[in-house]
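In this text, residue positions in the sequence shown follow my numbering: the first is 1, and each later residue adds one.
Quick caveat, the hints were computed from the structure, so don't treat them as lab data. A portion of the hints provided could be inaccurate.
Pairwise CB distance ranges, derived in the manner of DEER restraints [unchecked claim]:
{"id": "1", "residue 1": "Asn363", "residue 2": "Asp398", "range": "20 to 28 Å"}
{"id": "2", "residue 1": "Ala450", "residue 2": "Asp164", "range": "24 to 32 Å"}
{"id": "3", "residue 1": "Gln152", "residue 2": "Ala450", "range": "30 to 38 Å"}
{"id": "4", "residue 1": "Arg33", "residue 2": "Val449", "range": "15 to 23 Å"}
{"id": "5", "residue 1": "Arg33", "residue 2": "Ser100", "range": "57 to 65 Å"}
{"id": "6", "residue 1": "Thr618", "residue 2": "Ala676", "range": "27 to 35 Å"}
{"id": "7", "residue 1": "Ala234", "residue 2": "Asp356", "range": "41 to 49 Å"}
Below, simulated DMTMM-like cross-link-like pairs (lysine to aspartate or glutamate); rule was C-alpha separation at most 20 Å, straight line [claimed, not checked]:
{"id": "8", "residue 1": "Lys370", "residue 2": "Asp256"}
{"id": "9", "residue 1": "Lys349", "residue 2": "Asp272"}
{"id": "10", "residue 1": "Lys228", "residue 2": "Glu392"}
{"id": "11", "residue 1": "Lys200", "residue 2": "Glu392"}
{"id": "12", "residue 1": "Lys654", "residue 2": "Glu538"}
For glycine and all other residues, C-beta sits at the position ideal for the given N, C-alpha and C.
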Amino acid sequence: MSENSVSRIDAGRAEDVELDTRLLFRALLRSLRYLVPLIVLAALAVFIGLGFLTPRYTSQSMVLIEPGESQLTQATSGSDEVRSLLDSEGVASQVQLIASRDIVANVVESLNLSALPEFDRPTFAERIQAFLARFGLGGATNPATTEERVLQRFSDALQVYSVDKTRVITIAFSSSDPALSARVANAVADAYLALDREAKRKTTADASRWLETQIDDLRLRVSESEAKVESFRAEHGLFMGGQNGTQSLPQQRLDDLNAEFARLEAARASADANAAAIRNGLRAGNLDLPEVLDSALIQRLREQQVALRAQIAQLSATLGGNHPRIRELNAQLGDLDTQIRREAERVLKSFEGQVDTAKARENEILADLKRTQSQTAQSNDAEVQLRALQREATSQRDLLESYLRRYREATSRQDGDYVQADARVISRAAVPIEPSFPRKVPMTAAVTVALLLLSITFVVLRELMSGRALRPIGPVSVVPPTRPESSAWAEGGDVVRLMPAEPTPPPSMASEVPDRLRPLIDRLGEIEARRIVVCPAEVGTAGRPLAAVTLARQLSRRGRRVVLLDLHDDGADGAAMAGEDEKLPGYAELFGGSATFAQTIFRDRYSRAHIIPRGRGTLAEGYAATARFGTILDALDHTYEHVVIDTDGACGDKLAGEAAAVVLVVEETTSEKVRAEAIERFRAAGKAEILVLVAKAEAPGETGPSAAVA
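Just need the whole structure built from these sequences, with the hints factored in.
Next up, the structure:
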């Protein structure tokens with residue numbers, strides 16, 4: 001259909017049908033008389049056919065991955081290897097190792113499986129090649145191909161997997177011989193343990209040989225490093241002294257001189273202080289000083305002085321102070337004082353001599369300190385080089401000792417033949433009693449259920465295709481008119497009245513209107529019309545409001561999001577859908593900016609469609625060409641799937657250029673000339689598809705005008 005073509009949709013009543021479950025159930029019951037025998041025969045055939053298949057038996061052996069070494073024999077540096085072995089990646093690596101070609105080939109060779117027909121049965125192509133070879137038409141079978149065939153069939157029968165969240169590996173092998181399946185599963189586990197032990201033994205032997213060569217080289221390097229240290233020490237005289245042998249001789253000499261200088265300095269200070277005290281005592285006449293009294297002579301003179309004073313005191317009481325004996329004793333007492341003073345002066349000179357001696361010794365030690373410090377400074381550079389040589393020798397010796405320790409561990413394991421695998425068998429395979437394939441009962445039951453479901457599906461589809469299980473549906477009876485309940489809430493502010501959650505369809509559109517509008521609704525869905533302009537062919541066309549309202553309701557009942565924009569001055573659409581006595585705020589207020597979308601969009605009483613009424617205000621002339629009008633329509637396009645615009649002829653011509661479809665509402669009495677002029681007018685206005693809707697007159701007993709599509 002061209003962009004400017006006009007679609008005339010003939011009105012007609014479509015007949016609906018529904019599924020008759022009783023007829024369908026009866027057809028299934030009738031089919032059971034031949035379905036049950038067929039299914040039973042098929043089940044018996046499957047059960048008997050499975051009996052002709054060669055049974056296969058599966059045996060399982062379980063291996064636990066864990067460190068094989070005990071705490072007494074475990075190597076000192078194997079913690080990282082143990083952690084890498086026990087993690088999930090390590091267990092997965094062991095699974096791949098068990099299923100490797102080396103172990104498979106080892107088990108095949110040890111059990112001589114290539115001699116069994118189960119593994120060495122030639123393929124059809126190989127049989128043809130052998131047959132042709134007898135007549136000289138082809139070469140003999142390649143032995144390598146035979147070996148590959150045996151290994152491939154063995155690998156197909158072998159299953160190795162790890163149990164989730166454990167370090168247990170299951171080794172399963174399937175064979176037609178139950179004893180062989182158990183023997184092979186155990187042989188694979190034993191071959192894995194033997195391969196692991198052999199790998200560790202080989203690794204230990206290779207490490208021992210490598211360590212032996214490294215140790216010989218390190219011994220030479222250690223000897224050379226230590227010889228360099230001793231040669232450098234002797235060359236520069238850097239001999240060690242002290243209690244721990246950690247100090248060089250110049251450093252030890254410097255420490256001793258410092259200690260001696262400190263001792264002499266303390267002795268000189270003490271002697272100088274004692275001399276000053278005695279000197280002050282002599283000047284003050286007080287010789288009762290510890291330094292003076294320490295002299296033995298002064299002590300004896302003091303004793304004599306005390307005795308003379310006691311004797312003078314005793315004789316003075318009887319003889320008097322001028323007695324010759326008293327005078328003699330006083331003279332002796334004065335001599336004792338003079339002797340004590342002279343002795344104190346001698347002690348003072350002794351201390352002064354000590355001070356002079358200490359000062360002379362200090363000067364000598366200071367000279368020795370300067371010479372020793374000069375020698376120590378000269379040896380510091382040599383000591384730095386010596387310490388570098390010592391560090392090199394120490395590192396070489398530590399590396400040698402580490403290699404020697406590892407070498408002793410490796411040789412002890414190799415010589416003692418003590419090598420444990422990092423795994424152990426926790427469950428050996430036993431000879432199975434029941435075959436793992438085929439499982440006759442479960443497989444027969446599964447096939448039986450599948451055949452039953454397929455048979456039922458076939459019967460149901462046959463009845464549906466023939467139409468016997470379908471029956472026609474009569475028209476729905478007209479629903480008696482209901483009076484919408486008025487809201488008990490007063491409307492004020494931003495509060496908007498809400499309609500009932502489940503609206504009741506209007507009586508005039510319960511049956512006939514949906515059938516008559518169905519071709520129109522289908523066509524709008526085919527072209528995916530988002531903007532739909534509903535416009536009368538001439539002013540005063542009957543049924544114009546009901547046509548737009550009915551179209552919006554029918555689109556909503558098909559699950560579409562629909563809004564009806566009423567641009568007529570009479571506000572008939574809002575009264576029909578919202579049911580308000582007074583005019584509601586609508587597009588006029590929204591266009592003027594005095595109301596928002598939430599305040600102007602209302603719910604239809606009889607469907608889930610929305611309505612934007614005309615509003616109370618007036619619209620300026622030419623509002624349809626403004627940017628504000630386009631912005632409002634774009635916002636509605638982003639929210640709704642269909643925007644139905646109910647307008648008059650003048651505004652409809654302007655909106656037709658942006659609309660996807662134009663529904664032209666005409667009456668049965670409208671002349672063909674008027675219809676053609678309206679169609680041409682809209683065709684010239686835009687590229688929208690034009691649909692003609694014929695509004696019929698009201699029939700007796702109906703509550704509103706009916707509509708048909710032409």
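Which numbered hints fail: As far as the earlier hints go, 1, 11 are violated by this structure, in ascending order.
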